[in-house]
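A.B. asks: Taken in order, these protein sequences are the chains called L and U. Per the UniProt record's numbering, residue 1 is the first one in the first sequence, and the count goes up by one each step. Per the UniProt record's numbering, residue 1 is the first one in the second sequence, and the count goes up by one each step.
Among the clues, some could well be false.
In silico BS3-like cross-links for lysine-lysine, where the CA-CA straight-line distance does not exceed 30 Å [said to hold, decoys possible]:
no., chain 1, residue 1, chain 2, residue 2
1, U, K67, L, K93
2, L, K320, U, K80
3, U, K67, U, K14
4, U, K6, L, K320
5, L, K336, U, K6
6, U, K80, L, K318
7, L, K229, L, K318
8, U, K93, U, K14
9, U, K80, L, K223
10, U, K6, L, K345
11, U, K26, L, K93
12, L, K178, U, K80
13, U, K67, U, K6
14, L, K178, L, K229
15, L, K178, L, K223
16, L, K164, U, K28
17, U, K6, L, K318
Bear in mind the hints are in silico, worked out from the structure with no lab data behind them. Note that this is a predicted model, so its numbers are computed, not measured.
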Amino acid sequence: MSSWSRQRPKSPGGIQPHVSRTLFLLLLLAASAWGVTLSPKDCQVFRSDHGSSISCQPPAEIPSYLPADTVHLAVEFFNLTHLPANLLQGASKLQELHLSSNGLESLSPEFLQPVPQLRVLDLTRNALTGLPPGLFQASAALDTLVLKENQLEVLEVSWLHGLKALGHLDLSGNRLRKLPPGLLANFTLLRTLDLGENQLETLPPDLLRGPLQLERLHLEGNKLQVLGKDLLLPQPDLRYLFLNGNKLARVAAGAFQGLRQLDMLDLSNNSLASVPEGLWASLGQPNWDMRDGFDISGNPWICDQNLSDLYRWLQAQKDKMFSQNDTRCAGPEAVKGQTLLAVAKSQ
Amino acid sequence: MGDVEKGKKIFVQKCVQCHIMEKGGKHKTGPNLHGQAVGFSYTDANKNKGITWGEDTLMVYLETPKKYILGTKMIFACIKKVERADLIAYLKKATNELATALFITKQNVP
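Model the full assembly from the supplied sequences, consistent with the hints where possible.
C.D. replies: Given below as structure tokens:
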């Protein structure tokens, strides 16, 4: 059903033209009965009690006007450096806007003025290097902002001014090398922050000050070398923490202290040879049953006495341990190649 | 043959923001993937495509969801090919139990 609007019904050889025309008209009638209408530009249009959902991909053309009851608009996979200036004009009920995979280089500052009820803005896979000041002035209702896989090298706090209700911020897959201080200061409702797959070497220690209920923090695929003790302090209710695929060589002793309900911790594929005693004290059993688990594989663990604390902790939650066979000792010589679990058991 | 354990980790990392995998669980932004979503308001795009979700369809869908189902609201989550195999293995295993139950029930409905 989804592609019918882009195909013209073919008349099979031998059928009279007026019969095939009748067939076509019948098809149109049937289609409108199902709540689907043929838009003049061949975008897919669905109508329901909630309003209209319009989805456009090439070879359809971008609509020059939108029905006043449009609640959902997707304009994706076009080759566009800029959006038509009045794209959202008149669509004051718009709730979701999907603009992924277009190649957009910039957005005009008034672009979101016509859509104050917008809840979701998806700008995945464009070519944005920045955002104009005032872009989100009218976006107090925006819950989800996705800037995944653009070309952001820096981030200015002022770009995100106005996003009072933001719950989900996705900045993954950009080229961010560092973050400004106070980035999240006004995001009291933020639940998910995704900074994965960037080039972050350090983090401002006050990064997580501001949101009152952060649940998920993605920092995987960066270049972090150290996890300090202050970063996670403001977020005792963090549930998911992804630090895999960095260059972590050092984790501060108090880094996880106070995390009361961590369900998932991924430290895999880093450069950890050892970790300080007491690091694990507050995590998992007996305090809290990690619902999903943890992963410390792909590290060059030196399995000596310094890891005794870790061995004890592993024994207590080995059923929550991902990648057990890939969590091995890189030294000392006597235990090189053995799994950490085997060494832990033999203590 | 994908690795179920790796698939579970990918699910937690890339899918759990919007989906859950829980028998009888309440939907989040996206449908509860345990036994495909009775009562979730899929976009009409998703419903009308009439897909039977299996390994092959999932492999294609998860590569570029928005091309496979025009008008889907799912936000792209980059899942590499080898990761897709692992994820699908996990999805298969996790939903298997309910799928069997549904099959038996269908047989008994007149």
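A.B. asks: The structure should be examined with respect to each hint, and the outcome stated for every one.
C.D. replies: Results for each hint:
1. Between U/K67 and L/K93 the CA atoms are separated by roughly 26 Å; this keeps the pair inside 30 Å, and the hint holds.
2. Between the alpha carbons of L/K320 and U/K80 the distance comes to roughly 25 Å, so the proposed pair stays at or under 30 Å and holds.
3. The straight-line distance between the Cα atoms of U/K67 and U/K14 is roughly 19 Å, inside the 30 Å bound, and the hint therefore holds.
4. For the proposed pair U/K6 and L/K320, the alpha carbon gap of about 13 Å is at most 30 Å, so the pair holds.
5. Between L/K336 and U/K6, the direct Cα distance comes to roughly 24 Å. Compliance with the 30 Å bound is thereby established for this hinted pair.
6. At most 30 Å may separate the alpha-carbon atoms for a hinted pair to count; U/K80 and L/K318 meet this at roughly 28 Å.
7. With a CA separation close to 25 Å, the supplied pair L/K229 and L/K318 stays within the 30 Å bound.
8. A C-alpha spacing of about 18 Å is found between U/K93 and U/K14, which places the hinted pair at or below 30 Å, so the restraint holds.
9. Only pairs whose Cα atoms come within 30 Å are accepted, and U/K80 paired with L/K223 is accepted, the gap being roughly 21 Å.
10. Taking the CA atoms of U/K6 and L/K345, the gap is near 24 Å; set against the 30 Å cutoff, the hint holds.
11. With a CA separation close to 27 Å, the supplied pair U/K26 and L/K93 stays within the 30 Å bound.
12. The straight-line distance between the Cα atoms of L/K178 and U/K80 is roughly 26 Å, inside the 30 Å bound, and the hint therefore holds.
13. Between U/K67 and U/K6, the direct Cα distance comes to roughly 26 Å. Compliance with the 30 Å bound is thereby established for this hinted pair.
14. Simply put, L/K178 and L/K229 have alpha-carbon atoms about 19 Å apart, close enough for the 30 Å limit, and the pair holds.
15. For the suggested pair L/K178 and L/K223, the alpha carbons sit about 11 Å apart, so the restraint of at most 30 Å is met.
16. Restraint check for L/K164 and U/K28: satisfied, since their Cα atoms lie roughly 22 Å apart, inside the 30 Å limit.
17. Taking the CA atoms of U/K6 and L/K318, the gap is about 16 Å. The hint holds against a cut of 30 Å.
Hint violations for this structure: none, all hints satisfied.
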